[in-house]
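S.K.: The residues making up each chain are set out below.
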Amino acid sequence: MKEKIVIIGNGIAGVTIARYLRKYSNHEILIISSETPYFFSRTALMYVYMGHMKFEHLQPYENWFWEKNKIDLKQAFVQSIDTNNKSLQLDNGEQVNYTKLILATGSKPNKFGWPGQDLPGVQGLYSKQDLDTLEENTKNGINRAVIIGGGLIGIEMAEMLRARNYPVTFLVRENLFWGNVLPKEESEMIMRHMKDHHIDLRLKTELKEIIAGADGKAKSIITNHGEEIPCQVVGLTAGVSPNIDFVKSSNIDTKRGILVNEYLETNIPDVYALGDCAEFHQHPSGDRRNIEQIWYTGKIMGKTLATTICKTKTAYNPGHWFNSAKFMDIEYQTYGWVFPKPKENEKHFSWMHPTKYLSVRICYDKNTSAFIGINTFGIRMRHQAFDKWLNEKRSVDYIIEHLKDANFDPEFYKQYENEIVAQFNSENDTNITPKKRNWKNLFSA
Amino acid sequence: MKLIQQIGLYTFIAGMLLFTANVFIGSYRFEEQTIVAQLDATQDKIDTGDTIANGFKAALKELSFLGKKYNGEFDFISDLNQAITLYNKNITTELVTVNGITPSEIEALYSGVQKDGKIIYNEELLTTVLTDPAKKQKLIDGTNWMFEGQREYADLESFKNDLNLKLEEINSSIGKQYHISTEAWNLVNLTKAFNVGGSKTNVELWFFLTFGLIIIGGLAYNLPNIKLLGMAGIKNNGIQQTSISNKGWLAWIVLGYLVGFYLLLYFAPHYLNNNILLVDPVSNSLSGKPAGHWFLYGFIYCVSMTIMAVRMYIKYRHNNYQIFRTTVVWFFQIAFAFLIPELLVRFDKPWYDFKNAWPLDYDFFFAFNIDDLLANGTLGAFMFFWGIILTLIIIPVMAYFFGKRWYCSWVCGCGGLAETVGDPYRQNSSKTLLSWKVERYLVHSVLAFAIVMTLVTLYAYYSGATTIAGIDVYTIQKIYSFLIGSIFSGVIGTGFYPIFGNRTWCRFGCPLAAYMGIVQRFKSKFRITTNGGQCISCGNCSTYCEQGIDVRSYAQKGEDIIRASCVGCGVCSAVCPRGVLKLENSDAPKKVDGNPLIFENNIVKLNKDV
Ligand SMILES: Cc1cc2nc3c(=O)[nH]c(=O)nc-3n(C[C@H](O)[C@H](O)[C@H](O)COP(=O)(O)OP(=O)(O)OC[C@H]3O[C@@H](n4cnc5c(N)ncnc54)[C@H](O)[C@@H]3O)c2cc1C
Ligand code: SF4
Ligand code: SF4
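Which chain is which? The protein sequence lines are A and B, in order. As numbered in this note's numbering, the first sequence has no gaps in its residue numbers, which increase by one up to the final residue, 445. As numbered in this note's numbering, the second sequence has no gaps in its residue numbers, which increase by one up to the final residue, 610.
I should point out that these hints are in silico values taken from the structure, not numbers from a laboratory. Accuracy of the hints is not assured; some may be wrong.
[Said to hold, decoys possible] Here are the computed distance ranges between Cβ atoms for each label pair:
id : chain 1 : residue 1 : chain 2 : residue 2 : range
1  : B       : Pro-589   : A       : Asn-431   : 30 to 40 Å
2  : B       : Phe-354   : A       : Arg-192   : 43 to 53 Å
3  : B       : Leu-264   : A       : Asn-418   : 53 to 63 Å
4  : B       : Gln-241   : A       : Ser-80    : 38 to 48 Å
5  : A       : Gly-286   : B       : Thr-306   : 51 to 61 Å
6  : B       : Pro-589   : A       : Asn-418   : 22 to 32 Å
7  : A       : Asn-110   : B       : Gln-241   : 25 to 35 Å
8  : A       : Asn-418   : B       : Thr-306   : 35 to 45 Å
[What the hints assert, rightly or not] In silico lysine-lysine, DSSO-like type, Cα no more than 27 Å apart, as pairs:
id : chain 1 : residue 1 : chain 2 : residue 2
9  : B       : Lys-557   : A       : Lys-70
10 : B       : Lys-525   : A       : Lys-440
11 : A       : Lys-68    : B       : Lys-437
12 : B       : Lys-437   : A       : Lys-23
[Stated by the list, open to error] One-sided and incomplete, this derived list gives chain A residues near chain B with beta-carbon spacing under 7 Å:
id : residue
13 : Gly-51
14 : Leu-58
15 : Lys-326
16 : Glu-411
From the three backbone atoms N, C-alpha and C, an ideal C-beta is built for every residue, glycine too.
The shape of chain A in the complex, shown without the other chains (with noise of 0.2 Å):
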């Protein structure tokens, strides 16, 4: 049967799906959403606003793409779904039915009640709009901002307005800097590079409120300490949940975000939910979160989604985790799991360079010595051959050995494998020598 699927939402997740269905089927696909008309990259907002690209170069597909791959789009707010009679209301009076929805809706920045959080000059970095406003905010230039919330859109935020060279201040309300994902010389290492790039950071600090000027916009706020700090733009960017509110009035089950099983189906049979606004009853692989606000699971579910629509019912599995981010000049990349603190079974191995922002952290278990993750900075390695290594259970040892396997950095950079390997065998007694790189350990199966 032809099936008519409507898809709410044009981000990563949305637009995934969309392209799989049309590769596995003909069957009708439309996608709502209001952001903007095309898709385009979240992930690089921030690039857009310092200057390094356009708005269009966030757009990876063209424009005439969707029209030649029969992908309808409709630039709408969908303001409240009739699951009885499979239709939905958009903000512009439309009425659209389905056979199948799929929620893809994302994101929106979370705000804690704070007094004076919707002022003109507050607020938070997701959407293309939050850009334009950034723009507007700052367009006449500002003595300071103020970022609320020490997460990675913070840190993004503040290096957007530090490239136009306006002074930052950074409120983080923990003792070290995403100290909830980074262990503590990592994340002291990061707020080092902060002070670089002359970030006013501000530890164990919390906002109070925001204060308004004459002219009505935000003047200054306050911190839990009392202290007033004056500044034009305040960043809210204390994480982000999901955007579900037109949800909830509906009969699909929701507690943060849209209730999924390992299917992305909800408790309403043909409406699905993935990407940033799913959450999972219980996560299909155990080791995640129950709502993953990352770009590539977006990409996971919606291949998953597809393929589950068109051809054989398939459950998410978005196998080993891996991550990566950049902090101003620094690379991060993580592959298996890394805490802050090890773990009962855990121990962690750590070299970090005696001058330059540059890191290697391995966690094992320490009764095994079964390799589980590796933290980098500065240095780029090789998502497959962690990935495989993670597949066969090496050891520690195998990881460090084959070390040089994994280095991705261009060509002519130093390789510190070397160093990483004695730092390695002294501590641990071992007499390990680096192999050589071997295009065959990688690729043979």
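For chain A, the structure is supplied; the task is to place chain B with the ligands on it using the hints.
M.R.: Using the frame of chain A, we list chain B with the ligands on its own:
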């Protein structure tokens, strides 16, 4: 620091303005001793016993230009052209009376050709009319196609028409060897010689005021960036918001300036004589000869590459690939394209750039070049041999091992300019599918054109023919030199940097790049590997790819990038914020069907283009 940079900028602009002004401020005079010095170097006597200098002086007198002083080059150049035309005409007219076919001889031909109411033109007639065997031979060569049996003429009129055309041709070619050449190199020499004012009065001072200020200003502008850009890392801040790098009005001004410069350089270099004078001392110290316009160009090329190489060092100081690459490509320009060829000239050897390979070096197989090389003993023979080996063996073998990057962004002069002077414009190359299509048609057509032209040339060279399959060898060479050699590679290729990006020529026009691209695409160890599922589709790689490759479209699928046009500049890898891209030469299998790690593989089948 900011201040130094500002001063640097103004110094640079001042240098540029003076350099530009200098084009227009020469003053000129037709002086007798200059005329003698320029035109009678060999003391050749014309058949009539006079010298070229005297003939030219007479022409100047006739036009009352002799001794006249000019304050602008436009008047002077127009008068110079007029005088040369007059002299060339005079000398021909004069020599026609001695060596030409005279009016009485022509009359004799007309009457002799009519026999029994028919037109009968043959060698016999020529033998009776023309006693001078040289003249007779000329007419046989020129008109044998009109002989009886070859062609029928109904009446005298139609015969006269044909014959007169030929006679004019023959007569006007008389004395050619004594003509003053109006080719670029000679006009450059003459304008330089007759120049009596402007920068010629103090070459050192003017050298400082132009090149000196440009170099000092350029460096003073670039060097403070060590501090100003902040810590080492990718600093592309503001590039899309600044007029000059974002196709704003400043970019168009730069474009206009560059296009204007290239037009003068290629088509009227004598207008630059005042600037060519500035580099005479440099040229003399290298080759022992005064500078021509190509020397000026080479010098500017080296200076700009050096200033902008410094910029690259600072911008990419965290990236050894960029540092090494910039150093090597700079070295090849300075040593191989500039110093070595000039020094060869000093020792009376042919000017030869050992790294310039056919078909980029499109006139390598032109007769003049082959003759020149082969006339130069073992060294010349080696050069000829080397040029062939370079194209047939070294280029493809190296492209097999390293991809075309070893040439395009490590060795080539065009590439060197693009990677240094052009780097600020790399983001302006178009990434659309349409431009990819245009690129493929265009660049391969140029390659085909170069091959056909060269085959025709070589066939002509060894067979002695001048036309092959209806193609006139000289014409096809001219068309190629004009369209591809000048307009495409220079005026558009470099002039359009600010709008079309810095690899316009390399991407759309270079036949050598097309040739290596075929090797790279189908048989090479080189590829850009993508790192599993780490790509966040941000678009930095595509934006900064100077070849307009949509790198992201591969990276987000986890596919390796195996594209004919990739010059391996490494910038996509440098700007990627997630460490996704790595240029590699390896034996590992290439990933072209999507990467299982990210569950993404080849896209929507309905759409074959994507
Ligand atoms: C600044 C920033 C940087 C980031 N960097 C990274 C990174 O480096 N790596 C990483 O892995 N992740 C990163 N993320 C997170 C990543 O971008 C998200 O996980 C991802 O974009 C979520 O995709 P999605 O398709 O689920 O939702 P979204 O991209 O949010 O798309 C949902 C769309 O649906 C629309 N919509 C919602 N409700 C409705 C409605 N009722 N009617 C119509 N339309 C509606 C929204 O307007 C939106 O356009 C970043 C996020 C931000 C904001
Ligand atoms: S793909 Fe990368 S290396 Fe190749 S030309 Fe483009 S930017 Fe340079
Ligand atoms: S720059 Fe890197 S992360 Fe961004 S699109 Fe390109 S490969 Fe992907």
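S.K.: Hint by hint, note whether the structure agrees.
M.R.: Here is how each hint holds up against the structure:
1. At about 34 Å, the beta-carbon gap between Pro-589 (chain B) and Asn-431 (chain A) stays in the expected band of 30 to 40 Å.
2. Between Phe-354 (chain B) and Arg-192 (chain A) the Cβ separation comes to about 50 Å, which falls inside the hinted range of 43 to 53 Å.
3. For the pair Leu-264 (chain B) and Asn-418 (chain A), the supplied restraint of 53 to 63 Å holds, since their beta-carbon distance comes to about 56 Å.
4. For the pair Gln-241 (chain B) and Ser-80 (chain A), the supplied restraint of 38 to 48 Å holds, since their beta-carbon distance comes to about 41 Å.
5. Checked against the hint of 51 to 61 Å, the C-beta distance between Gly-286 (chain A) and Thr-306 (chain B) comes to roughly 59 Å, which is consistent with it.
6. Checked against the hint of 22 to 32 Å, the pair Pro-589 (chain B) and Asn-418 (chain A) passes, with Cβ atoms roughly 29 Å apart.
7. Separation of Asn-110 (chain A) from Gln-241 (chain B) is about 30 Å and conforms to the stated range, judged on CB atoms against 25 to 35 Å.
8. Between Asn-418 (chain A) and Thr-306 (chain B) the CB atoms are about 36 Å apart, so this pair conforms to the stated range of 35 to 45 Å.
9. Using a Cα cut-off of 27 Å, the hinted pair Lys-557 (chain B) and Lys-70 (chain A) holds, with the two alpha carbons roughly 21 Å apart.
10. Using a Cα cut-off of 27 Å, the hinted pair Lys-525 (chain B) and Lys-440 (chain A) holds, with the two alpha carbons roughly 15 Å apart.
11. Distance check on the hinted pair: Lys-68 (chain A) and Lys-437 (chain B) sit about 17 Å apart at the alpha-carbon level, within 27 Å; holds.
12. For a cut-off of 27 Å, the pair hint linking Lys-437 (chain B) to Lys-23 (chain A) stands: about 24 Å separates their Cα positions.
13. The closest approach between the C-beta of Gly-51 (chain A) and any C-beta of chain B is roughly 4 Å, which is under the 7 Å cut-off, so the hint is satisfied.
14. Satisfaction of the interface hint for Leu-58 (chain A) is found here, the shortest Cβ-Cβ separation to chain B being roughly 6 Å, below the 7 Å cut-off.
15. Checking Lys-326 (chain A) against chain B by beta carbon gives a least distance of about 4 Å; that is within 7 Å, so the hint holds.
16. Look at Glu-411 (chain A): its Cβ gets to within about 5 Å of chain B, closer than 7 Å, so that hint holds up.
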